[in-house]
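Visitor: One letter stands for each residue in the lines below.
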Amino acid sequence: MQITVTVNDQPYTAEIEPRLLLVHFLRDHLGLTGTHWGCDTSNCGVCVVWLDGTPVKSCTVLAAMADGHEVRTVEGLETTAGLDPVQQGFVECHGLQCGFCTPGMMLTARWLLDHNPDPSEAEIREAISGQACRCTGYENIVRSIRWAAEHPRSEEVPA
Amino acid sequence: MTATEERPIGFGRISRKEDPRFIRGRGNYLDDITLPGMLYGAILRSPFAHARIVSIDTSAAEAHPKVKAVITGETLAGLNLAWMPTLSSDVQAVLATDKVRFQGQEVAFVVAEDRYAARDALELIDVDYDPLPAVVDARRALDPDTAVVRDDLEGKTDNHIFDWESGDKASTDAVFADAEVVVSQDMLYPRVHPAPLETCGAVADMDPVTGKLTIYTTTQAPHAHRTIYALVAGLPEHKIRIVSPDIGGGFGNKVGIYPGYVCAVVGSIVSGKPVKWVEDRSENLMSTSFARDYHMHGEIAATRDGKIQAVRVHVIADHGAFNGTAQPTKFPAGFFHIFTGSYDLTAAHCSVTGVYTNKAPGGVAYACSFRVTEAVYLVERMVDGLAYELNIDPAQLRMQNLLRPEQFPYTCPTGWEYDSGDYPRTLRLAMQMAGYDELRQEQAENRQQFEKTGSGELVGIGLSFFTEAVGAGPRKHMDILGLGMADGAELRVHPTGKAVLRISVQTQGQGHETTFAQIVAEELGIPVEDIEVVHGDTDQTPFGLGTYGSRSTPVSGAATAVVARRVRDRARIVASAMLEVAPDDLEWEKGRFYVKGDPDMGKTMGEIALAAHSSLELPEGVEGHLDATCVYNPPNLTYPFGAYICVVDVDPGTGQVKVRRFVAVDDCGVRINPMIVEGQVHGGLADGVGMALMQVIAFDEDGNCLGGSFMDYLLPTSVECPSWELGETVTPSPHHPIGAKGVGESATVGSPAAVVNAVIDALKPFGVKHVDMPLIPANVWSATQGRPLRTDLAIT
Numbered sequence: 158m159q160i161t162v163t164v165n166d167q168p169y170t171a172e173i174e175p176r177l178l179l180v181h182f183l184r185d186h187l188g189l190t191g192t193h194w195g196c197d198t199s200n201c202g203v204c205v206v207w208l209d210g211t212p213v214k215s216c217t218v219l220a221a222m223a224d225g226h227e228v229r230t231v232e233g234l235e236t237t238a239g240l241d242p243v244q245q246g247f248v249e250c251h252g253l254q255c256g257f258c259t260p261g262m263m264l265t266a267r268w269l270l271d272h273n274p275d276p277s278e279a280e281i282r283e284a285i286s287g288q289a290c291r292c293t294g295y296e297n298i299v300r301s302i303r304w305a306a307e308h309p310r311s312e313e314v315p316a
Numbered sequence: 005m006t007a008t009e010e011r012p013i014g015f016g017r018i019s020r021k022e023d024p025r026f027i028r029g030r031g032n033y034l035d036d037i038t039l040p041g042m043l044y045g046a047i048l049r050s051p052f053a054h055a056r057i058v059s060i061d062t063s064a065a066e067a068h069p070k071v072k073a074v075i076t077g078e079t080l081a082g083l084n085l086a087w088m089p090t091l092s093s094d095v096q097a098v099l100a101t102d103k104v105r106f107q108g109q110e111v112a113f114v115v116a117e118d119r120y121a122a123r124d125a126l127e128l129i130d131v132d133y134d135p136l137p138a139v140v141d142a143r144r145a146l147d148p149d150t151a152v153v154r155d156d157l158e159g160k161t162d163n164h165i166f167d168w169e170s171g172d173k174a175s176t177d178a179v180f181a182d183a184e185v186v187v188s189q190d191m192l193y194p195r196v197h198p199a200p201l202e203t204c205g206a207v208a209d210m211d212p213v214t215g216k217l218t219i220y221t222t223t224q225a226p227h228a229h230r231t232i233y234a235l236v237a238g239l240p241e242h243k244i245r246i247v248s249p250d251i252g253g254g255f256g257n258k259v260g261i262y263p264g265y266v267c268a269v270v271g272s273i274v275s276g277k278p279v280k281w282v283e284d285r286s287e288n289l290m291s292t293s294f295a296r297d298y299h300m301h302g303e304i305a306a307t308r309d310g311k312i313q314a315v316r317v318h319v320i321a322d323h324g325a326f327n328g329t330a331q332p333t334k335f336p337a338g339f340f341h342i343f344t345g346s347y348d349l350t351a352a353h354c355s356v357t358g359v360y361t362n363k364a365p366g367g368v369a370y371a372c373s374f375r376v377t378e379a380v381y382l383v384e385r386m387v388d389g390l391a392y393e394l395n396i397d398p399a400q401l402r403m404q405n406l407l408r409p410e411q412f413p414y415t416c417p418t419g420w421e422y423d424s425g426d427y428p429r430t431l432r433l434a435m436q437m438a439g440y441d442e443l444r445q446e447q448a449e450n451r452q453q454f455e456k457t458g459s460g461e462l463v464g465i466g467l468s469f470f471t472e473a474v475g476a477g478p479r480k481h482m483d484i485l486g487l488g489m490a491d492g493a494e495l496r497v498h499p500t501g502k503a504v505l506r507i508s509v510q511t512q513g514q515g516h517e518t519t520f521a522q523i524v525a526e527e528l529g530i531p532v533e534d535i536e537v538v539h540g541d542t543d544q545t546p547f548g549l550g551t552y553g554s555r556s557t558p559v560s561g562a563a564t565a566v567v568a569r570r571v572r573d574r575a576r577i578v579a580s581a582m583l584e585v586a587p588d589d590l591e592w593e594k595g596r597f598y599v600k601g602d603p604d605m606g607k608t609m610g611e612i613a614l615a616a617h618s619s620l621e622l623p624e625g626v627e628g629h630l631d632a633t634c635v636y637n638p639p640n641l642t643y644p645f646g647a648y649i650c651v652v653d654v655d656p657g658t659g660q661v662k663v664r665r666f667v668a669v670d671d672c673g674v675r676i677n678p679m680i681v682e683g684q685v686h687g688g689l690a691d692g693v694g695m696a697l698m699q700v701i702a703f704d705e706d707g708n709c710l711g712g713s714f715m716d717y718l719l720p721t722s723v724e725c726p727s728w729e730l731g732e733t734v735t736p737s738p739h740h741p742i743g744a745k746g747v748g749e750s751a752t753v754g755s756p757a758a759v760v761n762a763v764i765d766a767l768k769p770f771g772v773k774h775v776d777m778p779l780i781p782a783n784v785w786s787a788t789q790g791r792p793l794r795t796d797l798a799i800t
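Chains as they are written, first to last, in my numbering: chain H, 158 to 316; chain U, 5 to 800.
Hints are supplied without guarantee of correctness; some may be wrong.
[Stated by the list, open to error] Only some residues are given here: those of chain H computed to face chain U with a beta carbon under 8 Å:
#1 Cys196
#2 Asp197
#3 Asn200
#4 Pro260
#5 Met263
#6 Arg282
#7 Ser286
[Claimed, not checked] Label-pair restraints from in silico Cβ distances:
#8 Met42/U to Met222/H: 23 to 29 Å
#9 Glu729/U to Pro175/H: 49 to 55 Å
#10 Phe166/U to Asp275/H: 55 to 61 Å
#11 Ser199/H to Gln445/U: 40 to 46 Å
Hints were generated in silico from the structure; no laboratory data involved.
Keep in mind the model is a prediction, meaning the values are calculated, not measured.
Idealized CB from N, CA, C, for every residue including glycine.
Next up, chain H with everything else stripped away, as it sits in the complex (with noise of 0.2 Å):
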């Protein structure tokens, strides 16, 4: 079947098997390696790219469902303006280790901070509970959040 996908702002339409899954499409379709494989059961979360601006598990995601719609992923983070707020936070609090977690990480992360500027830790810890960390214990994944948090892009900040 045909589909086409709006991936980061670009569409591109292409030729794929039905039961296709949206991670598969994005890796190995279009190379965009950013967005991880984990687990198949929707339990890991390394996965995680936004539907139309939701937080998806692109792992149990038909790449067919997203036919006609928007994918944002890792690598539509960083713009023009230079990097999201959440990535640079990730940098500056070591938020990341092996780095496999990072991009559905960060992509939840940025999802939370629109839509609750000024998260407490709890609900950081909460808005980040449908994925796995295996290197960093959450801690300084939360202290990033954080960071962003404090450290807005300008257009950003509330009028």
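Got chain H; can you put chain U on it based on the hints?
Guide: Leaving out everything else, chain U in the frame of chain H:
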């Protein structure tokens, strides 16, 4: 907390060189590698724990239009590759020929045009099995009527692997015979799995023209892999190149060679194309290296007033179907015999019996420092058991028995020579940070309230004091498959003063590209950003045994400091020629040599590097350039230690455990990058909470794995983990060039005992003395009812 220093030169809290690629999704992990014409492999696995293979019919799979090859044990047997050596000098089936010995064992390998087709073809393979009784309970594996797992081994009539002991049995027994108090406890350290978020895999690329085999693979030990492939496949070692790309977490899971890697190699040889094989999560959990699975009977002897005299322990070690434990050859139980812990004992003895069962092979694979994890858990649970028996506060009992600073270097009753330590200082700091006395006060009030009302949560406070032995190791004592555990380093300084360091160890997230550059920066005074660290490619780096057992900093970090000092020695000679003085007349300050008594007369490393490559006439001792190499053979292990205090709230009505606080004071000697050290500790503490409260690879009575997905094998998330409270003391290692010890596994090793001790402490009103991990609500609640469950086995 944030890293902000500009152009840092040396040790300190600086941001990582690795981060810019990872935060942009531009890491290069194994599954990100795509080669022209690449094919995909998939493995058919056994549904049975123990069964004879009657027949395998691959014809339908071979007829699949996208399938390029189907490989079975029979195919491999023709190439003499059906079996491969393990890291413990046993053999392991690559693809089963005679029978399957654990659920998930590799039976056939399909090579196809894409990963979906390869999976489809697995469904088309028809295997006829004749099921056999499974050996599941290690404690019964040596019973006379038990099925024999390893009848492939000539003359093998039982499931016995080894007996091993350490310490002096006679003197230990004598202490026990006269002891005023003896406390004993059976405990299981259940089977767990490291479960890095990136599973294991390989891309094998055999060039049919040059005969060069390149294996991109998830390995923590690329050089060891190269040598083993040469030995297994009979390939010339110079025609094998192992590339370990970015690794999505290892924790010991990526030390060994797995059948899938060998199958990918065979697939590439057979097809003439590169072949990628990446396991799925169930394959990872069910077939690759597990950890622990130690059934321990511990005893502790003491005087009535709390002087600990001796510890003895017997272990039944479940090694699964093949003895594939990754550990130094002379130590079949790893470093378990450091179970004497942090205490001043008169005597100690352990005996360990290793057995085969119908479970996945492995054994040392989860940030355990070669079974120091099991040792620390054992002794720290025993000390708490003694405290309970004597009704002494567990912190006081530890303080009373800890080794004193003046006893170092200290040789323990089982022979380890602890290099340095100030244990009481570290425990005091942890108690102070936790507000220990106030916590005990709160607990007393909490218990009074509970006794009055019979409801509410119970507060538990648990301690653990650990001593690790890391940085294997002195080559006269330690090798793996005959390969000595020394590591090389090469350092080049280019004419413009920029440096390239090549190391044998392999980061899996520990940040080697940063910390090893910091070591060079500290020694040479070159900015960290001007130093490139090359690793993970055996054609580009010197030989060494890789990263596990917290050995990178103790061994390879030492090699890096030594090689940098060699470069500095060469630089001194060059500088002496430039400044026309004798080398001894030069003083070193970070980044430059200057003439004694005339600080303005000096040359920077950059100037010296350029001169070393120039037409300047050089004195004897330097032929040109500054480059140096070294191999570091550690004189001893390093002994990091720490004091951990965990505070839990337990709901006895449901058995639910909440970790309220966790205070961890680590002493890992000199810290190269404190930010990275803290990150390592954070991760290990989460591991400890996971193992203590939820992670277990359990089996039913037929040997079916009950932990084969993340729906069953529960990982701690951000809501089960508290905000970690870290402290530090610094006791440098006296024999390490920069005084550092390892830290990668300290928290994983030390924290489970603190969590369990806290829960048992909370349950004191119920008279509960022990519950085996994981302390899931059902286990905790049952313990309050006097009916401990066992979640490791379905056997009752």
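Visitor: How about Arg282/H: closest beta carbon in chain U under 8 Å, or not?
Guide: holds, 4 Å
Visitor: Does the closest beta carbon of chain U sit nearer than 8 Å to the beta carbon of Cys196/H?
Guide: holds, 4 Å
Visitor: So, as I understand it, the hint says Asp197/H touches chain U; can you test that by seeing if any CB pair is closer than 8 Å?
Guide: Asp197/H check passes; min Cβ-Cβ to chain U is 5 Å, inside 8 Å.
Visitor: Does the Cβ pair Ser199/H, Gln445/U satisfy 40 to 46 Å?
Guide: Given a distance of about 45 Å, which is inside 40 to 46 Å, the answer is holds.
Visitor: Using the beta carbons of Glu729/U and Pro175/H, state whether their distance is inside 49 to 55 Å or not.
Guide: holds, 51 Å
Visitor: Is 55 to 61 Å a correct range for the gap between the Cβ atoms of Phe166/U and Asp275/H?
Guide: Holds, at about 59 Å.
Visitor: How about Ser286/H: closest beta carbon in chain U under 8 Å, or not?
Guide: OK, holds: Ser286/H within 8 Å of chain U, min 5 Å.
Visitor: Is it true that the C-beta distance of Met42/U to Met222/H lies inside 23 to 29 Å, as the hint says?
Guide: holds, 28 Å
Visitor: Min Cβ distance, Asn200/H to chain U: is it shorter than 8 Å?
Guide: Holds - the Cβ of Asn200/H comes within 8 Å of chain U, reaching about 4 Å at its closest.
Visitor: Holds or violated: the hint that Pro260/H contacts chain U, with Cβ atoms closer than 8 Å.
Guide: At 5 Å from the nearest chain U Cβ, Pro260/H passes the 8 Å test, so the hint holds.
Visitor: When the nearest CB of chain U is found for Met263/H, is that gap smaller than 8 Å?
Guide: Holds, about 7 Å.
Comparing the model with each numbered hint stated earlier shows that all of them hold.
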